[in-house]
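K.L.:
Whenever a hint applies, use it, and build me the whole structure from the sequences.
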Amino acid sequence: MGAKVSKTFNKQVTHVVFKDGYQSTWDKAQKKGVKLVSVLWVDKCRTAGVHVDEALFPAANTPACLPYLSKKKHKCMQPKDFIPKTPENDKRLQKKFEKMANELQRQKTTLGKQRVNSMILCIVFMHLVWFA
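Going by the UniProt record's numbering, the first residue of the sequence shown is number 1, and it counts up by one from there.
What the hints contain is simulated information worked out from the structure, not anything from laboratory work. Worth double-checking, as some hints may not be accurate.
With a straight-line Cα cutoff of 30 angstroms, these simulated DSSO-like cross-link-like pairs (lysine-lysine) come out [to be verified]:
1. K44 / K32
2. K99 / K7
3. K85 / K99
4. K7 / K19
5. K28 / K7
6. K35 / K19
7. K96 / K80
8. K35 / K4
9. K85 / K96
What follows is a list of derived Cβ distance ranges for each label pair [said to hold, decoys possible]:
10. K11 / Q107: 48 to 58 angstroms
11. K91 / K31: 18 to 28 angstroms
12. K7 / R46: 16 to 26 angstroms
13. T8 / K95: 39 to 49 angstroms
14. K80 / K31: 34 to 44 angstroms
15. V5 / T47: 16 to 26 angstroms
16. T47 / Q23: 24 to 34 angstroms
17. A3 / T86: 40 to 50 angstroms
18. K80 / S24: 20 to 30 angstroms
Being a predicted model, the structure only gives us computed values, none of them experimental. We treat Cβ as the ideally placed atom computed from N, Cα and C, and that holds for glycine.
P.N.:
Quick look at the structure:
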């Protein structure tokens with residue numbers, strides 16, 4: 001039937017299929033004059049193979065139908081018992097962490113030796129200048 005799905009609300013949007021959505025999406029669609037329809041409208045258009053009247057399948061946005069709509073929280077896809085990986089509980093991360101720590105220590109040691117060598121060189125140079 002030629003429908004295109006848009007992830008964002010833009011000027012080309014003609015219909016909003018609304019199911020358990022945000023109040024801001026509902027308000028924006030009404031303000032722009034975009035038709036708000038239920039998921040059933042899409043299914044009926046697909047099965048009938050023709051454009052069905054939108055008025056037959058209005059989207060629901062009443063507090064009685066959707067009491068949690070006004071205070072909808074963003075749902076996280078992670079399970080509630082999800083434990084983030086840290087060097088303390090993941091051996092692979094622990095090895096990477098140790099490798100980075102060793103490399104940093106090596107760089108500090110090398111840098112420290114260079115500073116000491118340059119300080120000695122500077123003192124020798126000053127000694128040569130003073131006693132020359």
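K.L.:
So, for every hint listed, does it hold in this structure?
P.N.:
Here is what the structure says about each hint:
no., hint, result
1, K44 / K32, "holds, 25 angstroms"
2, K99 / K7, "violated, 42 angstroms"
3, K85 / K99, "holds, 17 angstroms"
4, K7 / K19, "holds, 15 angstroms"
5, K28 / K7, "holds, 14 angstroms"
6, K35 / K19, "holds, 14 angstroms"
7, K96 / K80, "holds, 27 angstroms"
8, K35 / K4, "holds, 15 angstroms"
9, K85 / K96, "holds, 13 angstroms"
10, K11 / Q107: 48 to 58 angstroms, "holds, 55 angstroms"
11, K91 / K31: 18 to 28 angstroms, "violated, 54 angstroms"
12, K7 / R46: 16 to 26 angstroms, "holds, 20 angstroms"
13, T8 / K95: 39 to 49 angstroms, "holds, 42 angstroms"
14, K80 / K31: 34 to 44 angstroms, "holds, 37 angstroms"
15, V5 / T47: 16 to 26 angstroms, "holds, 18 angstroms"
16, T47 / Q23: 24 to 34 angstroms, "holds, 30 angstroms"
17, A3 / T86: 40 to 50 angstroms, "holds, 46 angstroms"
18, K80 / S24: 20 to 30 angstroms, "holds, 27 angstroms"
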